[in-house]
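Here's the letter readout for the chains.
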Amino acid sequence: MADEELPVIARFEVRRRSYLAPDGTVLRPLPNFASDSDILISLYRGMVLTRAFDLKAVSLQRTGRLGTYAVSLGQEAVSVGIASAMREEDVVLPSYRDNGTLLWRGTKMEEILLFWGGDERGNLSSGPADDFPYCIPVASQAPHAAGVAYAFKLRKEPRVAVCLFGDGATSKGDVWEAMNFAGVHKLPVVFVANNNQWAISVPLQLQTASQTLAQKAIAAGFSGEQVDGNDVVAVRAAAEDAIAQARAGGGPRLIEAVTYRLSDHTTADDAARYRPPEEVQTRWKEEPIARLRAYLVSQKAWGKSQEEELAADCQKQIEAAIERYLATAPRAPQTMFDHLYAELPRAYASQRAELSGGSDA
Amino acid sequence: MPEVTLVEAINLALARAMEEDANVVVLGEDVGVNGGVFRATVGLQQRFGAERVIDTPLAELLISGLCVGMAAQGLKPVGEIQFMGFIYPCIDQLVNHASRLRNRTQGRLSCPMVLRTPHGGGIRAPEHHSESTEAMLAHIPGLRVVMPSSPERAYGLLLAAIRDPDPVVFLEPTRIYRASKGQVEDNGEALPLDVAFVLRQGRDVTLISWGAAVKETLAAADELAAEGIDAEVIDLATLKPYDEETVLASVTRTGRCVIVHEAARTGGFGAEIAALLAERGLTSLLAPIARVTGYDTIMPLPRLEQRYIPSVARIVAATRKVCQFS
Amino acid sequence: MRQFILPDLGEGLEEAEIVTWHVNEGDRVVVDQPLVSLETDKAVVEVPSPWSGRIARLFGGKGDLIKVGAPLVEFAEGTQGDTGTVVGELGQEEKAPRGAEASAPAPARTLQVLPAVRALARKLDVDLNLVQASGPGGTITRADVERAAKSLAEAEPAEPLRGMRRAMAQRMAAAHAEVVRTTVNDEADIDDWQQREDVTIRIVRAIASACQAEPSLNAWYNAEAGERRLIKRVDIGIAVDTEGGLIVPVLRNVGEREASDLRAGLDRLRADAAARSIPLEELRGATITLSNFGMIGGRFANLIVVPPQVAIVGAGRIDQRVLVHNGQPAARRVLPLSLTFDHRVVTGGEAARFLVALKADLERAS
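Chains as they are written, first to last, in numbering that gives the first Met the number 0: chain A, 0 to 360; chain B, 0 to 325; chain C, 0 to 365.
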């Protein structure tokens with residue numbers, strides 16, 4: 000029997016969502032929230048602040064006042080768009096690059112600086128108390144997200160876990176195991192694969208043979224959607240949709256947000272070693288902030304004076320945060336024992352004392 | 000009071016914990032319908048429902064990662080890893096997250112999870128089913144590592160572990176799951192963590208052990224008593240953090256110490272105890288510290304496994320030698 | 000060469016126009032120092048220097064447009080941004096630490112003592128070097144320490160060895176360590192001696208005579224070189240017991256001097272020894288030694304051969320013994336003789352022949 004005669008028992012489809020072209024022109028009818036210019040402006044402000052903050056963080060690192068930092072240049076629409084679709088009682092589990100997400104949800108800039116500046120107190124976070132902090136071991140937050148979502152489901156809470164990770168993470172078993180479990184139990188979790196095309200120096204073509212990252216959800220039993228990650232309207236819309244479905248008991252979804260990492264992997268990386276600057280130049284043309292600005296300007300909802308005001312306001316906020324960060328003295332050394340367990344076991348009391356300059360050195 | 004086996008005691012403790020606290024959730028492969036391959040979770044799903052007793056997909060990393068997420072949300076997950084030989088994919092979640100979630104969020108988030116797994120060899124199992132790598136876990140700051148050696152301690156320590164606000168790896172000695180019997184009152188009373196149990200008082204030498212090896216150690220103590228050597232036997236129970244005070248007090252009195260563990264010799268947890276004694280109990284030592292351990296080789300398949308596991312005879316011989324020093 | 004690429008300055012710009020350069024090619028700048036003012040659609044922005052260093056090249060002049068991502072300034076130093084890591088900082092090359100000069104290794108501890116026992120010894124003020132070990136592997140037990148403590152309590156206070164006693168301790172230890180001692184004994188029947196025989200002189204002359212009969216016992220042995228030197232002249236070291244201890248002055252050329260001369264010489268040596276005025280040369284150069292311990296008591300002895308000598312003769316106490324004389328038991332005066340020799344250098348046969356000669360000479364009637 001020839002292959003074509005065998006019955007097809009499964010097919011899949013992956014749709015791609017986008018609303019605004021790179022130059023800001025409208026491709027198809029916009030979602031409802033986009034008719035509220037206040038919402039769009041708040042998204043714009045969120046992205047601009049994120050970028051300004053990121054670049055200032057780089058400058059701090061270059062001048063020795065911050066440790067290694069992961070810039071999200073070019074990806075602001077993903078982090079802000081996703082966060083803006085969440086409720087406060089939802090829980091986000093970010094990677095290590097989702098600065099816009101943390102800022103949107105209430106983490107203070109000086110807290111982010113404290114963390115990358117080498118102080119655990121940065122993770123105390125003024126954002127929602129249940130949100131997870133930055134996650135460094137790639138993809139390891141995915142099983143956490145499944146666990147969080149399971150708790151919501153068990154307690155019948157209308158809350159959703161939103162898990163952010165990169166294209167590299169989708170190669171790891173952690174993501175597969177988490178999605179697989181979420182599928183089995185129809186958990187209220189939204190997985191967001193932030194596909195910025197690069198995992199340090201490894202390009203997407205070497206990362207996976209899969210045509211899209213979105214379709215990896217299908218093997219786990221739920222749907223995956225690709226979205227133009229540089230179109231914050233599309234990102235927000237996709238997130239709203241997925242989160243609402245999850246909240247209503249419809250189970251998980253995977254959103255693949257296609258974007259581009261315009262910056263180096265971290266401040267210690269030099270991307271020119273492995274990718275040509277011309278490629279980066281080309282991609283700049285698709286970046287999210289200019290795109291939304293173009294649209295807002297075309298709707299007469301934004302202008303030069305607002306831009307200047309916003310820039311000044313961002314600078315002011317950022318400078319103030321930096322001042323607070325730089326003024327924060329390091330913790331006393333013995334505090335490295337303070338949250339090791341709920342109560343420090345007797346066995347370690349003498350070591351703690353040693354650090355505080357107390358007994359037995 | 001009914002006499003139960005060690006694994007039955009675990010089952011009792013799990014049931015009681017789940018009864019007391021609706022946040023307690025059990026998860027793992029085959030734990031639900033099948034009641035666990037060793038029947039540790041038998042009856043739990045029938046009693047508490049499939050939502051709280053979850054048959055997970057075959058994914059150890061997932062099991063440990065789910066525990067982290069659930070625990071951060073205030074559930075009290077008790078994950079089961081079917082054999083310690085399969086715990087290694089969990090090391091990432093245990094070391095990178097469970098052990099440090101409280102610390103890295105300065106207390107904002109915490110991780111009250113338990114990961115249970117059968118430990119050690121001697122059940123004539125195929126390869127990889129006889130692991131005893133507790134020293135690896137006892138090295139990790141922020142974790143607790145607990146190993147009971149009797150039904151009473153299994154019951155009391157598991158309850159304590161589940162109630163504890165921090166992550167606990169609970170290692171269950173497979174070869175005495177059924178062989179160890181004891182009277183256990185299902186009264187919900189926990190035993191203290193971080194505390195060692197003096198199972199037998201003695202004057203001449205301190206024998207320290209944990210897990211299934213406690214059985215041989217006690218038998219050795221009986222044999223030695225017949226030849227006039229009065230041995231004190233300590234069950235360390237919690238390896239991390241361990242009860243330094245009890246160990247030091249005992250060896251200070253007896254002046255001699257023999258440590259018994261099934262795990263391989265080099266870097267085994269006995270080395271830590273020997274270091275402690277050398278640091279803080281040295282002037283009390285009448286004799287060199289002896290370790291009776293598994294060999295520094297891969298645990299052999301069943302035909303030879305009894306030659307690997309410390310026998311009563313080896314413990315007796317080592318203790319006799321140590322007691323020659325006066 | 001290191002290039003500073005125009006970064007995004009926070010406003011999503013694609014390019015900016017150079018308004019004013021604040022530095023020139025060749026200038027040295029510090030980090031954060033303003034390099035250039037750029038005008039964007041929105042504002043004029045000052046760009047600070049990301050590094051300290053010397054400016055090698057400026058890209059563009061006033062009025063030129065620079066694109067984001069294009070080079071703005073080239074610095075003279077530094078590689079193209081290769082930190083060699085992706086997180087953190089790798090420290091700069093440091094000078095490799097110099098190995099320490101090899102110091103003398105600590106002397107090996109030979110005492111086997113477990114800590115609790117050591118602590119007990121300290122508590123009881125017992126010198127562990129004096130304790131005899133009875134524990135396994137040669138370790139000292141608590142009982143050993145307690146026993147030593149008891150003995151020490153009943154002993155006189157410790158007295159350090161000085162002078163002649165110290166020298167003897169060292170000399171004898173060294174000799175014992177080196178020499179392979181063998182002893183052969185006999186008795187000389189001296190009943191036929193005259194009444195007032197000068198015993199010591201008779202003995203030394205007999206030794207000289209034996210040295211003639213068997214010269215290999217009058218020699219010096221250099222163990223290191225493996226060389227033996229037979230000596231014609233017989234210079235006999237005479238062991239003298241003084242108040243201060245043992246001293247061994249040398250009676251020279253015994254084989255060729257008259258008895259009276261030897262006696263005078265010996266008396267002078269003894270007097271000087273007692274007065275502690277013996278010059279060092281008188282103590283050196285013996286080719287063989289006599290220990291006349293019989294003057295005090297005792298019959299036979301296993302004596303110490305002091306290198307480079309190879310033999311020592313011991314004369315025990317003269318006494319009457321019942322011997323067989325001319326086929327009949329008889330009470331005869333006998334002089335016990337001990338000959339200890341270094342068996343590295345002297346054969347049993349040589350020693351025996353020497354002893355036979357010695358005895359024969361002594362048994363001659365005076």
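Rather than coming from a laboratory, the hints here were simulated on the basis of the structure.
Since we're looking at a predicted model, the values are computed, not measured.
From the three backbone atoms N, C-alpha and C, an ideal C-beta is built for every residue, glycine too.
Just to be clear, a hint being listed does not mean it is correct.
Claimed, not checked - So, partial list: chain B residues that the calculated Cβ filter (under 8 Å) puts toward chain A: (1) N33; (2) L60; (3) C66; (4) Q92; (5) G106; (6) R107; (7) S109; (8) G181; (9) D185; (10) A189; (11) E222; (12) A224; (13) E243.
For each hint, the structure was consulted:
{"no.": "1", "hint": "N33", "in the structure": "violated (17 Å)"}
{"no.": "2", "hint": "L60", "in the structure": "holds (6 Å)"}
{"no.": "3", "hint": "C66", "in the structure": "holds (7 Å)"}
{"no.": "4", "hint": "Q92", "in the structure": "holds (7 Å)"}
{"no.": "5", "hint": "G106", "in the structure": "holds (5 Å)"}
{"no.": "6", "hint": "R107", "in the structure": "holds (6 Å)"}
{"no.": "7", "hint": "S109", "in the structure": "holds (7 Å)"}
{"no.": "8", "hint": "G181", "in the structure": "violated (27 Å)"}
{"no.": "9", "hint": "D185", "in the structure": "violated (25 Å)"}
{"no.": "10", "hint": "A189", "in the structure": "violated (15 Å)"}
{"no.": "11", "hint": "E222", "in the structure": "violated (33 Å)"}
{"no.": "12", "hint": "A224", "in the structure": "violated (32 Å)"}
{"no.": "13", "hint": "E243", "in the structure": "holds (6 Å)"}
Violated hints, in rising order: 1, 8, 9, 10, 11, 12; the structure is consistent with all others.
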